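Work out the full structure: start from the sequences and follow the hints.
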Amino acid sequence: MKETVLMKGNEAIAEAAILAGCRHYFGYPITPQTEVAAYMAKKMPKIGGTFLQAESEIAAINMVYGAASTGKPAMTSSSSPGIALKCEGISYLAGADLPALIVNVQRGGPGLGGIQPSQADYFLVTRGPGHGDFHVLVFAPASVQEMADLTGRALHLAWKYRMPAMLLADGTMGQMMEPVQLPEPHNAFGTDNPWATTGTELKRPHNIINSLELSPEKLEQNNFSRYERYRQVEENETLWEEYLMDDARICIVACGITARISRNAIAEARKEGIKVGMIRPITLWPFPKAPLARAAEQVDSLLCVEMNMGQMKEDVVLAIRCQKPVDLCARVGGMIPTPDEVLAHIRTLAKGGNA
Amino acid sequence: MVVFEKPHALTDAVLHYCPGCTHGIVHRLVAESIDELGIEGKTIGIAPVGCSVLAYNYFNCDMIEAAHGRAPAVATGVKRALPDNIVFAYQGDGDLASIGLCETVSTACRGENVTIIFINNAIYGMTGGQMAPTSLLGQVTQTSPYGRDPKTQGYPIRICELLATLDAPAYLERVTVNSVKNVNRAKKAIKKAFQNQIDGKGFSLVEVLSACPTNWGMTPQKALQWIDEAMIPAYPLGVFRDKGAE
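These protein sequences, in sequence, are chains A and B.
Heads up: the first sequence begins at 1 in the working numbering, then just goes up one per residue.
Heads up: the second sequence begins at 1 in the working numbering, then just goes up one per residue.
Just so you know, these hints were derived from the structure itself, not from any lab.
Keep in mind that the hints are not guaranteed to be accurate.
[Stated by the list, open to error] Quick list of in silico lysine-lysine cross-link-like pairs, DSSO-like style, CA-CA up to 27 Å:
#, chain 1, residue 1, chain 2, residue 2
1, A, 203, B, 243
2, A, 203, B, 191
3, B, 6, A, 46
4, A, 324, A, 351
5, B, 201, B, 191
6, A, 203, B, 42
7, B, 201, B, 243
8, A, 271, A, 218
Please read all numbers here as calculations on a predicted model, not as lab measurements.
Following this line, the structure appears as structure tokens:
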């Protein structure tokens with residue numbers, strides 16, 4: 001049996017990335033993700049990998065772009081204000097069809113905001129974090145175990161579909177310690193990357209990594225073919241968890257730490273005889289539209305529990321095509337909803353009111 | 001007997017540069033150096049944003065197009081992933097000395113073992129002739145229509161002198177390509193900047209004072225003269241660091 005270890009979420013991400021074969025990390029210090037960089041700084045030099053503290057978030061993501069251009073797995077990590085700075089580079093990665101892993105341990109905003117946990121980057125990361133038409137894969141783990149598991153999956157799918165992937169956690173997830181079973185060392189990537197710039201050895205025409213296309217006809221085709229790939233991702237890679245949904249009349253929608261909190265509230269509500277369940281999106285892009293649409297046929301109402309002003313709620317309303325009322329339990333700025341607050345919303349909805 | 005031919009490291013693509021622009025000369029010097037050192041098969045070049053944005057079409061080695069100013073960071077990522085390959089960035093003054101100044105200084109400061117070719121023509125060419133960080137005092141551009149005024153627009157930045165304050169760089173030289181003699185000197189400097197990388201000496205940068213007749217509003221001949229008359233007095237040619245010679 002695999003050994004169970006006690007780890008911080010941020011450290012689990014770092015170790016899982018190494019175990020998946022990632023050997024190039026570029027980052028810049030920012031709270032609350034510093035443990036990822038600290039872990040990499042200790043470990044990478046001992047296993048022949050790269051740890052480089054870049055001069056800025058912008059430089060770090062462009063170093064990732066350079067390393068990814070060679071076909072080698074590369075990653076960076078940051079938190080909300082730093083992710084905003086990386087958006088230019090993420091757009092270039094998407095435009096050049098380069099794979100990369102970006103970890104975002106979210107904190108409260110906007111602006112410098114605070115350093116306490118938040119889910120307020122939902123819009124930023126699910127709509128394509130940067131200029132132009134594109135998406136990144138977005139994974140929202142809800143436990144340290146899932147942080148480890150989804151890190152490997154994010155790296156694997158980034159390479160499979162040649163697109164950036166983001167592991168979206170928050171300050172709570174990054175800092176909390178839980179038992180975790182780490183995977184065996186494996187290679188999450190293809191070793192054959194005919195597109196990579198590794199030197200021609202004078203044996204093939206030169207490879208070009210590029211997002212510039214001055215012909216609008218060709219640029220349109222590039223966008224179309226990228227979106228065809230995105231369609232396949234939506235079809236094959238959408239992840240979600242359904243919890244006590246069989247008889248549910250109220251459906252909570254929550255991801256990450258607020259899904260953990262909602263579970264406690266659901267347990268209490270069930271004791272009171274309220275039939276409440278939960279759909280937990282694990283990928284935020286692609287978003288689990290189909291299971292939500294199915295749930296909307298069954299339930300009387302839905303409740304989004306979020307640490308932002310209702311950003312995911314917009315995706316839920318779209319997914320269920322406004323069939324049922326969708327309520328919101330929101331805390332922001334680094335505040336975390338308590339199970340009692342969620343329970344109060346559930347009770348109000350059970351009585352047929354708006355919370 | 002063939003006495004002169006196109007370097008193998010250059011593709012057959014027709015250059016898009018304006019008549020009298022010196023990018024073509026510098027591209028050739030880079031390609032000749034790559035040929036003579038026998039490194040084309042393991043070289044990876046980084047193109048900037050600016051007039052030489054399409055440089056990836058002109059060099060036969062593997063090429064990467066970077067975001068504006070970020071070429072040194074991209075070069076760092078490539079070099080760290082493939083330390084045995086040869087990595088060069090080709091950048092203009094807006095790219096290297098303005099938006100990418102932080103990446104330039106930091107990459108030099110780390111002594112990253114890469115080669116940077118820096119084209120200083122004292123103007124933004126591709127966007128139609130705006131003031132560059134290297135525009136001279138009094139220089140008329142689209143965004144300094146009354147001449148660059150130091151009171152509101154500051155002074156020209158001297159990159160070689162700036163980087164020479166750092167401990168790490170191995171080699172910093174400023175050259176120009178406005179005469180046969182100067183082209184030959186520039187060739188030696190560029191080849192040396194690649195040789196240094198092969199020898200593992202560290203960060204090498206060659207600044208090339210270049211002509212932009214279109215945006216300077218001059219004939220090609222007059223533009224070459226203006227390098228002598230106006231640019232060299234502001235940007236003296238010479239070696240600012242050579243660790244190999246010390």
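Hints the structure violates: just list their numbers, smallest first. 1, 3, 8
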